[in-house]
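Peer 1: Put together the whole structure using the sequences plus the hints.
Number of protein chains: 2
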Amino acid sequence: MGKLARRVAIVGAGMSQFGRLFPLKRNPDLWVDAWLDAVKRVDNGIEPKDVDACYIGNYSSDLFNHQGHLAPQMANFVGLSPKPASRFEGACASSGVALRQGVIAIASGIHDVIAVGGCETMNEVSTTLVTDTLATASDNLFEYPAGATFPGLYAAVASAHFHKYGTNAEDLMRIGIKNHENGTQNPFAQMQLSIKDLMDKKLSKLEKQGKDIPDWKDEFDFLKSSSNPMIASPLRLFDCSLVTDGAACVFLAAEDVAKQFTDTPIWITGTGQGSAALSLHDRDSLTSFVATKEAARQAYQMANLTPKDIQIAELHDCFTIAELVAMEDLDFYEKGKAVDAIRDGESKLDGRLPLNTSGGLKSKGHPVGATGAAQAVEIFKQMRGIAERNRQVKFDVEKALSHNLGGSGATCVVTIYQK
Amino acid sequence: MGKLARRVAIVGAGMSQFGRLFPLKRNPDLWVDAWLDAVKRVDNGIEPKDVDACYIGNYSSDLFNHQGHLAPQMANFVGLSPKPASRFEGACASSGVALRQGVIAIASGIHDVIAVGGCETMNEVSTTLVTDTLATASDNLFEYPAGATFPGLYAAVASAHFHKYGTNAEDLMRIGIKNHENGTQNPFAQMQLSIKDLMDKKLSKLEKQGKDIPDWKDEFDFLKSSSNPMIASPLRLFDCSLVTDGAACVFLAAEDVAKQFTDTPIWITGTGQGSAALSLHDRDSLTSFVATKEAARQAYQMANLTPKDIQIAELHDCFTIAELVAMEDLDFYEKGKAVDAIRDGESKLDGRLPLNTSGGLKSKGHPVGATGAAQAVEIFKQMRGIAERNRQVKFDVEKALSHNLGGSGATCVVTIYQK
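Read top to bottom, the protein sequences are chains A and C. Residues 1 to 419 in the numbering used here are what the first sequence lists, from first letter to last. Residues 1 to 419 in the numbering used here are what the second sequence lists, from first letter to last.
I should point out that these hints are in silico values taken from the structure, not numbers from a laboratory. Incorrect hints may have been included.
[To be verified] Here are the computed lysine to aspartate or glutamate pairs in the EDC-like style, where the Cα-Cα straight-line distance is at most 16 Å:
#, chain 1, residue 1, chain 2, residue 2
1, A, Lys202, A, Asp215
2, C, Lys164, C, Glu334
3, C, Lys217, C, Asp197
4, A, Lys3, C, Asp256
5, C, Lys3, A, Asp256
6, C, Lys205, C, Glu181
Given the structure is predicted, the values throughout are model-derived calculations rather than measurements.
Peer 2: Below you can see the structure in the form of C-alpha cells.
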C-alpha cells in the first residue's frame, strides 16, 4: 500500500480568468476557457483524441447553479464524449480530490491521459446564498443550525491560535498584504490590486466625496479601520478569500506517454489525502487540522521528501489564518513559529519559502471547486519558469507542494511536484 | 491503457433497509446500517483499521439534505477518520462511479482495502422537490427550463422505441411485474409487493368503500386502469422507480490481501464507464444510450468476456423502458429484439438470463446515489448463493454484470464480476 504502480506527470495546465463572470460565463464556458489555456501550454499539442477521461472537481453546482451531473456536460463541451467523465466533491478541496484521483487512475493502468479540472460559478446566487451554500460543507446537524458559517468557524480557529501562540491580527494582515501583492502580478487573478492600491483607492474616493481623510500611515492602519469591516472577530473583510467564478484544467499523462507531449513534464511524486469529522467540536484541536497532517504525512512519504525540501507552495488561504495553520501543519514551521517567518517576510515572493505566488485564494480568487486544480496550474508555471509579469521566483523550482483544504478542515489533499 | 495493474475483489457487501425512512434515518444512519450489514458478510471479519479509504457515491445531498461534503462525515461515523474520504457524483450512477474509482485506486497500489458506498436520503424533501432535484441531472440550459423532468425524458425514449421497434406498453408492464415479483423476495426492498398484491389491495379497498368493483382479469387490466395513472405517456406510475432513502456498502480488497478476509472473493474483472451530452436532443439516437454502449465495450474487453457469458445482471430500471434499452445496449439482445425475450420470460428469476433479481430500482427502490453500490450487493449475494427468501437463482453464478445509468443516459458504469 501507498506506492503508485506508474509515474504520472503534468504535461500542460491552464485556467480561465477568475472573477465575477456570471452571467457572461457559466461552468461550461469557464471550463472550455481553462481547457484551451491548458492546451496552449502542452508543448507538442494535445487533442481530445489523446485524452482518455475527464475528471471534474466541483463543490456544488447543485446549489449554485441548479445543475448536477456536471462531468458529462464538461466532457461533451471539449469533445470528449463518450469517454468516462466523473465529478469529485470534497468541498473546497474538490479539484484537489479530482487531481489525486486522476493520478491514481493513470497509475492503475486504466488510462494514460486524463484532463483533470475544476470549476465553480458562485456568482449566480446572491452573497447570502453563497455563504449559505458554503456552510453546507460544515455539519448540518450541529454547526449549520447553530448559525455557524465559515467566517465564524475560521474565526474560532484564529482566536484559539491567538490565545495559544500569541499570534495577532497584524500577522494575519501580513499574509493578506503578501498575497494581494502577488496577485497584482497574476493576469488571471480576480483582484489584481495590492492592499496599498486598495487603500489609495479608498482615500481618493473619500477625497472626491469631500469627506474627512483618515490619517493612515500604512496598510495596517487601513486594515484596522472601519474600511476593513469586522466579519467574525478577529477576522475582517480582507482576511477572507473572494467569491469567484472560474475553472482550471490540468493534463495528466503516464510516464510511458508523457514525452509525446513535452520534454519537460512536471512529475507528481506525492499525493496524500486526509479527513476529519465535519464539526470543529468533534476535533481534538482548533489550531491544527488533522486532515492536513495526515495528507502531508502520506505525500511526503510517497515522494520521499521532507518539508525542508519544498521550495515553493500554494496553500489554501480561504482565510488568512488558514495559510498560517497550513504552514505549521505541513511542518514548514514548528507549531506557533510560522508567525516569525511571516514577520520576517520568508513567505514573500523574494523570501526563503515563497507561499501563494499566484496571489492565493485571497487575491487570485476562490471558485471553490476549481481551487485545487488552479493551485496545480501555478505550480506548473513556476516550475516551468513561465509565471506571468514579475511573479516568477528567482530560483529554479525543483520541488513544490500544493495544499487544498475542504470545509473547516474535514478534507485535505496535499500534492508534491518534482521536475 | 485499459488494463488494471492489480486484481480487485469484493470481500463483503451489504445494505441498509430501503424505504421511506426519513426522518428516522438520515444519510449517516443509513450508511452505518449498510456498513454493519456489509461487515457481517466478511467471512473473517473486518475492522476500521483494515480499511484504507472511504469512497462515497451520492447524487445530491446538497439539494435533498442541504448537506455537502458528505464523505468525511461518513468516514467519521464508521471510525475511518483521518483516512481519505471522497464523494463521487454521476447522477444516479454516483456509486457506480465510486465503485469503479475504488477498483482503480486499489489497482494503482495506493490502497489495499476500500469501503465503497452510496447513500441518498430523498424523502427529506417533498415529491415535487424530488422531481425537481432529479431534473438537475438533465441539462439546465435547455431541458430543465423547457419543463422536462425524467419521466418526460424517458417517455420520449419509450415513444421512440415503440415507434421504431413495435414495442408496446404491455411489454413495459411485463418488466414491472417481473421486478415487483422479485422484490417480494427481498427483505431489504422498499416495496415487497407484487403487482398482483397491489391489485388485490386496491380491489379490497374498493370493496370496503362500497364502490364498483372493476372487472380486472389480470395484472395487465389493473395496470391499464386509472389505478395506474399516466405520468408521461406512455409511462404510467408503475413504470417509474421509487423515491427511496437507503445506503449500500461494498468492501473492496487487492488480490494480495483479499484472502485475509474470505476464501471466496468475488472478483471485479471488468469496469467500463461512458458519457454523453446531457441533453437528449444532442444525441444521435433516442432508443440507445451511447454511454452504455461505451461502458459495456470497455468492461467486456477488460474482462475478456462477451455478452453471452453473462448469467445474471442488475440493470438500471429507473423506468421500465430503461431496463429494455439496457438489455439491447449491453448486447444481451439485438436492437429491437429484447422485447421477445421479455415476452418469453427469459429475464424472470427462473429464465435463461435473470435480470434484476433484487427487484430492481422499480421494487427494491432507488435511493439514487446508493443504487450502483446496491446492485453490487445483489450480485455479491447471488454469486455467493446467499440471496434471501426464494430469489436465489438455481444455478451457480460465475459471471455477472451490473449496469448503472445516470441522468437520461449521460453517464453509465458497467461492472463485471467473476468468481
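Peer 1: Take the hints in turn and mark each one as holding or not.
Peer 2: Cross-check of the supplied hints:
1. Lys202/A - Asp215/A: OK: Lys202/A and Asp215/A at ~12 Å, within 16 Å.
2. Lys164/C - Glu334/C: 14 Å, holds
3. Lys217/C - Asp197/C: Distance of about 14 Å is within 16 Å: holds.
4. Lys3/A - Asp256/C: Status holds; Cα separation ~14 Å.
5. Lys3/C - Asp256/A: 14 Å, holds
6. Lys205/C - Glu181/C: 21 Å, violated
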